[in-house]
Amino acid sequence: MPKKPAKRRPASTPAPPPPVQRAALFRARLLGYLVGLVPLLALLLMFRQVLPSQVALGLVLVGFLASVWVQQRIRQRFPHDFKQRAEWLALGAYTLIVVALTAVFLSLVR
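With my numbering applied, the sequence shown closes on residue 285, and no number is skipped along the way.
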């Protein structure tokens, strides 16, 4: 008696990744941008002789390591996709913050 061929199931397609929430993506990306400002501000304060060099270099080291760690974690969870509006909003908000900080700093120097 011949065996019946086993029924093959169609190959299952992998489920698409869940959609990324805009607010979560915006906050994560903005945090990734802002944490990179810590070492830069510490260097600026050191060169302006506001902070002692040992304190400022310590802040630079800690800020740099924290920046790299946070940005790697964010990149794992939210890969860059500039087709999403939240990416551009985070970049725009970061730009406005940098411009505002620069304006405040330059107004205090004079």
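Hints were generated in silico from the structure; no laboratory data involved.
All values reported here derive from a predicted model rather than from experimental measurement.
Hints may be right or wrong, so weigh each one.
Listed next, with one range per pair, are the computed distances between beta-carbon atoms [unchecked claim]:
1) L232 - A199: 19 to 27 Å
2) L206 - V274: 16 to 24 Å
3) Q229 - S187: 53 to 61 Å
4) F280 - L206: 29 to 37 Å
5) Q251 - T277: 28 to 36 Å
6) V284 - V213: 18 to 26 Å
7) R197 - I272: 16 to 24 Å
8) P254 - L220: 29 to 37 Å
9) Q247 - R197: 28 to 36 Å
10) L283 - P189: 15 to 23 Å
11) V213 - K258: 26 to 34 Å
12) H255 - Q224: 33 to 41 Å
13) R250 - F222: 25 to 33 Å
C-beta: ideal position from N, C-alpha, C; glycine also.
Going through the hints against the structure:
Distance hint for L232 and A199: a CB-CB separation of about 34 Å, inconsistent with the stated range 19 to 27 Å. For L206 and V274, the hinted distance range of 16 to 24 Å is satisfied, since their beta carbons lie about 19 Å from each other. Take Q229 and S187: their Cβ atoms lie about 59 Å apart, and the range 53 to 61 Å holds. Judged by the Cβ atoms, the range 29 to 37 Å given for F280 and L206 is violated: they are separated by roughly 22 Å.
Restraint check, Q251 to T277: a C-beta distance of roughly 31 Å satisfies the suggested window 28 to 36 Å. At roughly 21 Å, the beta carbons of V284 and V213 sit within the given window of 18 to 26 Å. Between R197 and I272, the C-beta spacing of about 19 Å keeps the proposed range 16 to 24 Å intact. Evaluation of the 29 to 37 Å hint for P254 and L220 yields a pass: the beta carbon distance comes to about 34 Å.
For Q247 and R197, the Cβ-Cβ distance of about 22 Å falls outside the hinted range of 28 to 36 Å, so the restraint is violated. For L283 and P189, the hinted distance range of 15 to 23 Å is not satisfied, since their beta carbons lie about 55 Å from each other. Evaluation of the 26 to 34 Å hint for V213 and K258 yields a pass: the beta carbon distance comes to about 29 Å. The beta-carbon spacing between H255 and Q224, approximately 38 Å, falls within the hinted interval of 33 to 41 Å.
For R250 and F222, the Cβ-Cβ distance of about 30 Å falls inside the hinted range of 25 to 33 Å, so the restraint holds.
Consistency note: the structure conflicts with the earlier hints numbered 1, 4, 9, 10.
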